[in-house]
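Colleague: The chain contents come next:
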Amino acid sequence: MKFCTVKQYFDDENNNNVTNGIATTVIPLPNKHLKIKANNKEMEQYEQELLRNVMPQELTKLILAANYLNFKEALDFFCRTVANAIQNKSVDYVRKFFGLESDFEPGEEEKLCKEFAWSFEGVDED
Amino acid sequence: MAMNLNSKCDNNVEVDRISNLPDPLICHILSFIPTKQSVATSILSTRWKPLWTMVPALDFEDTEKPDQRYHDNNRMTFIHFVCGVLAVRKPVPLKKFKLQLISPNQSIHFHVRAWIYYAIRHGVEEIDVRLFLRRPFELPQCVFSCKSLEIMTLYGMVVLNCHSESVYLPKVKHLRLLKVKYANEDSFHSLLTGSPHLQRLSVWTDQQDDTMALNICHPTVEWLSAIIEAQDQRFKLEINVPNLKFLNLVDSIFQYDLMNNVVKATFDLFEDAQQASDLENYSHPLGPVADAHTLTLQYAKSPCFDFSLPMLNNLGSLRLQVRCCQWHLLPNLLESAPNLVNLIINKEDTEGPHELSWTEPLHVPKCLELRIRRISLLQFRSLEHELELIKYILKSAKVLERMDILTGLSDLEESHHIFKIISELPRGSSAREKLFK
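From first to last, the protein sequence lines stand for chains A and B. For what it's worth, full-length UniProt numbering labels the leading residue of the first sequence as 1, then goes sequentially. For what it's worth, full-length UniProt numbering labels the leading residue of the second sequence as 1, then goes sequentially.
Just so you know, the hints here were simulated from the structure itself, not pulled from any lab data. A hint or two may mislead.
Capping the alpha-carbon separation at 20 Å, the derived lysine to any residue pairs in SDA-like fashion look like this [to be verified]: (1) A:K114 / B:G84; (2) A:K96 / B:G84; (3) A:K89 / B:K96; (4) B:K391 / B:V322; (5) A:K72 / B:W223; (6) B:K98 / A:K96; (7) A:K114 / B:K181; (8) B:K90 / B:F132; (9) B:K96 / A:N84; (10) B:K90 / B:H109; (11) A:K114 / B:K96; (12) B:K98 / B:E150; (13) A:K114 / B:K236; (14) A:K96 / B:L51; (15) B:K173 / B:N240; (16) B:K181 / B:P219; (17) A:K114 / B:K98; (18) B:K49 / A:F77; (19) B:K98 / A:D76; (20) A:K89 / B:K395; (21) A:K96 / B:N20; (22) B:K398 / B:H416; (23) B:K395 / B:E413; (24) B:K245 / B:V322; (25) B:K173 / B:R200; (26) B:K49 / A:G107; (27) A:K111 / B:L51; (28) B:K96 / A:K111; (29) B:K96 / A:F77; (30) A:K96 / B:K49; (31) B:K245 / B:E229; (32) B:K90 / B:L51; (33) A:K96 / B:N240.
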């Protein structure tokens, strides 16, 4: 039931969305997930490992793969991993993490900061 | 939904790693972080500026310290922030609304009400409200007729005031009512009867207004956790939940009736044996769960197991959380569980004084001799009475296949030392494996 789209994927040869590498990571997940589901600590460790070994870019590919395969638990897991990685971090850190560049007009950024000033208080300078 | 990935990106390290995700997926990621931070992502880039407004979750936590609060009049406060967010947010559905608030502010109730209205209007599926206020907040009536609500957690200074005609929560599956107050006796029952598909229920309450009984009654609940702080021994808890599969009960001294067969239960008993025997019509607390397959028991004082225990014939797995030196209770318990296969003993504290030592029972409990295949001992060291117990177990357990002993010590040398001592003890069963950690 979780893999109704997998069959579709294998049938569709022109599909670029899920490379083989990703398929090998995502598909063994349900077993691993079921095994660790009960144990939260192991899940955290697995998450840490995942973050260390898998570059943020890979992680986004995993998210896309899980989304395409309609695999909700994996999707939530990967998204939560990314969320935990950027939680409580400064804007600069998050920019670097995602590889983003600010494309605002000068002054626009300050205006935004003022608009929701409360948001920008008390953040890690990591 | 999914987008094509350009494989050339793989070679660049500093390249944009997130822009190939479509907006809905970025919003999904943002739904896992507090709203305070997801709003902050608006300054990452022009693409990110509006993304937080479409996130299907709101998580507000007032983390202001009391001294900060009144310091600067120009400073944006938590209330301003929340109102601002709700005003700017796009009218997309809201899946989850979470609010944690500590405030001495007298007018905050007005705002909280408005925020909850907002959530309900946007089809919220999960509400988690935890309030620490000067006076209790009455939950708006619209909550009790929310057709989209599936999970509700309420904690603290919240008052529920409803009656059976006004409650209809067709999708609610999980309710957690933690230290909330009820305007009247009817409110709690109305809430339960108005949630026809409820599966999980957590209730944490104290004896309100000197009521003498609490009745938890529901046809579909499968998982129940009840923490009842009752001071009066005569307090009666009635549980009538025919579909119950898992029960977690933390109680004081009172009686309860359980009108069904529970498969797996956890009991936390703080009984005082003396007081218990004074009760009229005393029935053993384990009576109602006599048919359980799995039982977890923990007790602080020397409890009622000196009394005749009911026979726990179906019990296959037992987990005991005990304080040090309470081994004299073990034989009694084992005697009443003749089919026990799996035993876990988790010792709570090792600090002295170690008063009682292990005395061997007159005859070996049947399950120990014939049935138990696996034993786990957690937090065991090599104290004399512990070793006596382990010796006895090893000697008597004829079909024991595996024994795990976890010392919980971080000092490996000491663990190893204990391992050595224990592995030198004589054993009664031929095939068994031992693990030490």
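Colleague: Now tell me, hint by hint, if it's right for this structure.
Modeller: Structure-based check of all given hints:
no.	hint	result
1	A:K114 / B:G84	12 Å, holds
2	A:K96 / B:G84	28 Å, violated
3	A:K89 / B:K96	23 Å, violated
4	B:K391 / B:V322	19 Å, holds
5	A:K72 / B:W223	24 Å, violated
6	B:K98 / A:K96	29 Å, violated
7	A:K114 / B:K181	40 Å, violated
8	B:K90 / B:F132	29 Å, violated
9	B:K96 / A:N84	18 Å, holds
10	B:K90 / B:H109	24 Å, violated
11	A:K114 / B:K96	27 Å, violated
12	B:K98 / B:E150	14 Å, holds
13	A:K114 / B:K236	57 Å, violated
14	A:K96 / B:L51	19 Å, holds
15	B:K173 / B:N240	18 Å, holds
16	B:K181 / B:P219	24 Å, violated
17	A:K114 / B:K98	25 Å, violated
18	B:K49 / A:F77	25 Å, violated
19	B:K98 / A:D76	18 Å, holds
20	A:K89 / B:K395	57 Å, violated
21	A:K96 / B:N20	16 Å, holds
22	B:K398 / B:H416	26 Å, violated
23	B:K395 / B:E413	27 Å, violated
24	B:K245 / B:V322	24 Å, violated
25	B:K173 / B:R200	6 Å, holds
26	B:K49 / A:G107	14 Å, holds
27	A:K111 / B:L51	17 Å, holds
28	B:K96 / A:K111	29 Å, violated
29	B:K96 / A:F77	17 Å, holds
30	A:K96 / B:K49	17 Å, holds
31	B:K245 / B:E229	23 Å, violated
32	B:K90 / B:L51	10 Å, holds
33	A:K96 / B:N240	56 Å, violated
Violation of the numbered hints given earlier is confined to hints 2, 3, 5, 6, 7, 8, 10, 11, 13, 16, 17, 18, 20, 22, 23, 24, 28, 31, 33; the remaining hints are satisfied by the structure.
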